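With these hints in hand, go ahead and build the complete structure from the sequences.
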Amino acid sequence: MTNKITFFRFSNSKSYFDHELRNEQIKEKESLEDLQNYLDSHPNRKYRTLNEDENLALNKYNQVKNEFKTQLSLKDKNILDINNIDKRLLKSELNNNSIKQRLHIKIASEFNLEELNELILQKEYNYCFKRYEKSKKLVEQTNLHERIEIDDLNELNSIISDMNNNGWSIKQIEGIQSGSSYISCGMHEVGGGGYGYGFTQGIMIVWENNIIQKHV
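To convert, note that position 19 of the sequence shown is 19 in the numbering used here; the numbers rise steadily by one, no gaps.
Treat the hints with caution; some may be incorrect.
Calculated cross-link-like contacts (lysine to any residue; reagent style SDA-like; alpha-carbon spacing at most 25 angstroms) [as the list claims (entries may be wrong)]:
| # | residue 1 | residue 2 |
| --- | --- | --- |
| 1 | Lys134 | Ile150 |
| 2 | Lys75 | Asn62 |
| 3 | Lys27 | Phe111 |
| 4 | Lys46 | Glu28 |
| 5 | Lys136 | Leu58 |
| 6 | Lys136 | Asn62 |
| 7 | Lys77 | Phe111 |
| 8 | Lys29 | Ser135 |
| 9 | Lys77 | Lys46 |
| 10 | Lys136 | Tyr47 |
| 11 | Lys123 | Glu133 |
| 12 | Lys130 | Lys77 |
Since the hints were made in silico from the structure, they are not lab data.
Predicted, not measured: the structure shown is a model, and the values here were computed from it.
Right, dumping it as structure tokens:
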């Protein structure tokens with residue numbers, strides 16, 4: 001069973017839309033797209049939990065990097081981007097200055113570079129995969145809760161009829177009113193209210209659908 005909520009605001013109601021909330025939703029969708037592109041670019045890699053020995057190896061690797069950095073002068077620390085050194089492990093020629101070369105040699109003396117590089121890539125993939133699952137859930141929840149402007153009850157009845165034809169039935173319906181506050185700030189008004197808008201009049205419907213939905 002699938003449930004979703006729709007907020008209907010009558011068009012003659014004064015409204016104030018929460019643009020900050022909307023911007024956050026847009027950013028989340030963009031983040032989801034970026035994460036999806038990353039996962040798609042690694043089709044042969046799957047999420048897997050790193051074991052204790054693998055985590056110990058990564059912790060030791062980070063310790064080696066940090067200890068190396070503490071021995072550098074302030075000038076040399078600014079040259080070395082310690083956070084982006086990971087992708088240069090396998091090819092020393094990519095380390096285009098003496099400081100990076102020294103760190104590369106230090107790491108190579110303590111680790112198998114191919115094995116270490118694989119752990120780094122797997123950890124990165126795991127992080128992106130978990131972030132993707134979380135972002136996907138947030139976007140799906142946002143998409144379920146719709147906000148629609150209607151002119152009158154005739155339009156609402158038409159929407160209900162269409163929803164019924166698509167397998168949705170009304171689980172709960174109620175009228176809503178939310179207070180709006182508007183404060184003058186120079187040339188601008190700052191306002192706020194519930195349901196993502198400063199509703200003055202509207203209707204909330206909770207729908208349920210017993211048809212099994214297929215998600216791509």
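Against the structure, the hints:
no.: 1; hint: Lys134 <-> Ile150; result: 33 angstroms, violated
no.: 2; hint: Lys75 <-> Asn62; result: 21 angstroms, holds
no.: 3; hint: Lys27 <-> Phe111; result: 39 angstroms, violated
no.: 4; hint: Lys46 <-> Glu28; result: 23 angstroms, holds
no.: 5; hint: Lys136 <-> Leu58; result: 28 angstroms, violated
no.: 6; hint: Lys136 <-> Asn62; result: 31 angstroms, violated
no.: 7; hint: Lys77 <-> Phe111; result: 23 angstroms, holds
no.: 8; hint: Lys29 <-> Ser135; result: 8 angstroms, holds
no.: 9; hint: Lys77 <-> Lys46; result: 35 angstroms, violated
no.: 10; hint: Lys136 <-> Tyr47; result: 16 angstroms, holds
no.: 11; hint: Lys123 <-> Glu133; result: 16 angstroms, holds
no.: 12; hint: Lys130 <-> Lys77; result: 32 angstroms, violated
Hint violations for this structure: numbers 1, 3, 5, 6, 9 and 12, all remaining hints satisfied.
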